[in-house]
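**Student:** Chains A and B, in that order, give the protein sequences.
The opening residue of the first sequence carries number 875 in our numbering; numbering runs sequentially from there.
The opening residue of the second sequence carries number 875 in our numbering; numbering runs sequentially from there.
No wet-lab data here; the hints were simulated from the structure.
Quantities reported herein were computed from a predicted structural model and do not represent experimental measurements.
Treat the hints loosely; a few may be bogus.
Since copy identity is lost for identical chains, a pair holds within one copy or between any two.
Stated by the list, open to error - Listed below are the simulated DSSO-like cross-link pairs for lysine-lysine, each with C-alpha atoms no more than 27 Å apart in a straight line:
no.	residue 1	residue 2
1	Lys-1049	Lys-1285
2	Lys-956	Lys-1286
3	Lys-956	Lys-1285
4	Lys-1049	Lys-1286
There are 2 protein chains.
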Amino acid sequence: MTSQLTRENLVRRDRRDPLASCRELFELPDGLLYFDGNSLGPPPRAVHARLAEVTARQWGEDLIRSWNVHGWIDLPRRVAAKIAPLLGAQDDEIAVGDSTSVNLFKLLAAALPLRPGRRTVLSEDGQFPTDLYMAQGLGELLDGGLRQRLVPVGDLAAALDDDVAVVCTSHVQFKSGRLVDMAALTRAAHQAGALVLWDLSHSAGAMGVDLGGCGADLAVGCGYKFLNGGPGAPAFLYVARRHQEAARSPLQGWMGHADPFAFDLGYRPASGVGRFLCGTPPVLSLAALDAALDVFDGVDLEALRRKSLELGELLIELVLGGCGGFGVELLSPRDGALRGSQVSFLHPEGYAVVQALIDRGVVPDFREGGVMRFGLTPLYLRYVDVWDAAEVLRDVLATRAWDEPRYRQRKKVT
Amino acid sequence: MTSQLTRENLVRRDRRDPLASCRELFELPDGLLYFDGNSLGPPPRAVHARLAEVTARQWGEDLIRSWNVHGWIDLPRRVAAKIAPLLGAQDDEIAVGDSTSVNLFKLLAAALPLRPGRRTVLSEDGQFPTDLYMAQGLGELLDGGLRQRLVPVGDLAAALDDDVAVVCTSHVQFKSGRLVDMAALTRAAHQAGALVLWDLSHSAGAMGVDLGGCGADLAVGCGYKFLNGGPGAPAFLYVARRHQEAARSPLQGWMGHADPFAFDLGYRPASGVGRFLCGTPPVLSLAALDAALDVFDGVDLEALRRKSLELGELLIELVLGGCGGFGVELLSPRDGALRGSQVSFLHPEGYAVVQALIDRGVVPDFREGGVMRFGLTPLYLRYVDVWDAAEVLRDVLATRAWDEPRYRQRKKVT
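So that you can see chain A by itself, here it is in the shape it has in the complex (with noise of 0.2 Å):
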């Protein structure tokens, strides 16, 4: 491939890309690289009329009858079998509302009276925080009832034992963005007597993920990164049919009882996944993450996936060829098939790197210990994409355009 690597080449590339017309889809400003779609994707253009339609004339005209006549009630069903299909799972075992964090707190504490007996959840040292964080406060709440313990990045299969109830990990590690096999490890954990709690947040809407095929237990993911729902929004959880009827959210809201309107002074729990949802739905939020799933209708899972794997090969290549000189090291997995759809860099200044590049018109995000992540949806972001971000990425590092106190000045969200 090194020999045919012209601008040129990749323009002709983006033409045959069977996924280009995908990017008309979204509203992308002009002249941007952005390769931030792993932290906040941005808005499918469909987004700004259903949310007009849905603040002007479903809440502002039809006021509280919306509930009936356009459907709210439903709304999280309705986003759930949209998002279903991504994940290789039923309509009915996805539930969407909340954030990532209650997801996760909620099906954690449903997992661990499945495994009776058991008490520890198993997570990586690499996890993102957010997730271990709820573990421990679950932990507190259950007085000896939970105990979290951490092992290394790649870790996990090896430390299981007969007290782990459940492994609690990420499908594509945030920071270097290495993908675990879903298979394997749900295997290995089911052979240990253990269940698996996915956390999808980096895969979902990046590639197809096959949480059926797998076997998988219980899975948690966001919004608003390769669903492109919107700053904030509204997260889904999985839970395998036959974990359902066993399974209890802890957080008993009104939305997940059996018959919400009845007003009954005790819970019951609705039958299947609905039990988990808990108070009334984000109307405006679920509007805008539904209208922006959209953007999947007829989208091959696996073209999507092969063209992620092209342009994270390109970028590496790109930025090992090109920039290796000036202290840039690969943190992602060469190979791509352990690799999500993001590549992370390390630079020692890899924070005002990634300031100066912004200030550039490409936007990568940072996170802490120098790693420098380029989040590639394959949606909307092109192969000349690549090219021209390496081009900017090589100027930023070969003219020390970085080594200015504007760029290496921390702003509170890195």
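Using the hints provided, position chain B relative to the given structure of chain A.
**Tutor:** Chain B in isolation, oriented as in the chain A frame:
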């Protein structure tokens, strides 16, 4: 007053109303008489422009940078500072996010360890059911560490004993509109060694609440009723300063961490009420709520309460006077001092009556047990609206217009 009670006089009263101009801040369909602001407040006009700005310009153009440049990360705090003065709270005693149900769970779990050796959560059997369910869910999790005890409406103070850790009650009861004396119950609870957790869903924004003056401990409330934040808007919670350092949230998400972007492996709670934040803030919904709250700018909360009571008095007088012969009874307290900002009537065919009213452009709502609820929002309701609604109600009852199959057939959400 009865001698002067004509429609013409009420039109004159609306002209003199110091709150009359507030109506212009809302979008209300022509001719609709909306008495359901206690279920879903209508959109303040400013919400549309704000949502368009946040989605198109902030999310669409500045993307991930908006967390800094548009201050998304501080949005929960900015919204809290707008809610605090409505509640007699300090800005740093309010946290905004999640649902009322989830916030209630956080505070109940935080409250129990503040009263060691006690395990009873005391509520009325007329409490809004989701509050009861959340306590039940926490009880199952704590496995004996929480005992829910329900007493008849009005019996809380008499039921206090030395096992009561927390009284969990509504400030205004959702069915009857009965207003609880916050200062008196707080005093009684404190004398008995208990805390009180208030659900302010039906009082916040409908009247000035004086959490600080009453020495209140904890509270939660809803953003989509009298705060007009939109369907399923983010909720709020209140923790009095004196409890903040000892109170721990069981839902330890990264936004409640002392340093969220340090990505530590262990949770350290933020100082103050910020520790009760959890997942990523729902920016779109928060922005809508933020814009909606501006309708309270410069509103005299005493004038608001005065008008609310006058609207209620008027409705009771007109309905009992005009419809008393048709099987309508008053459920709400007759004494305004004991009433929130709604008036509830009983009718054996209440469901059908409410449907017939809605069909004629008068929108109250129905709750099980024949309860017809008329929510009174002084910011946009006119005295003449009350007159007109009472006329329609009288007509529906006098002609038995409700007695049709289409009005009797139950919808999903009533």
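**Student:** Looking back at the hints listed earlier, which ones does the structure fail to meet?
**Tutor:** none
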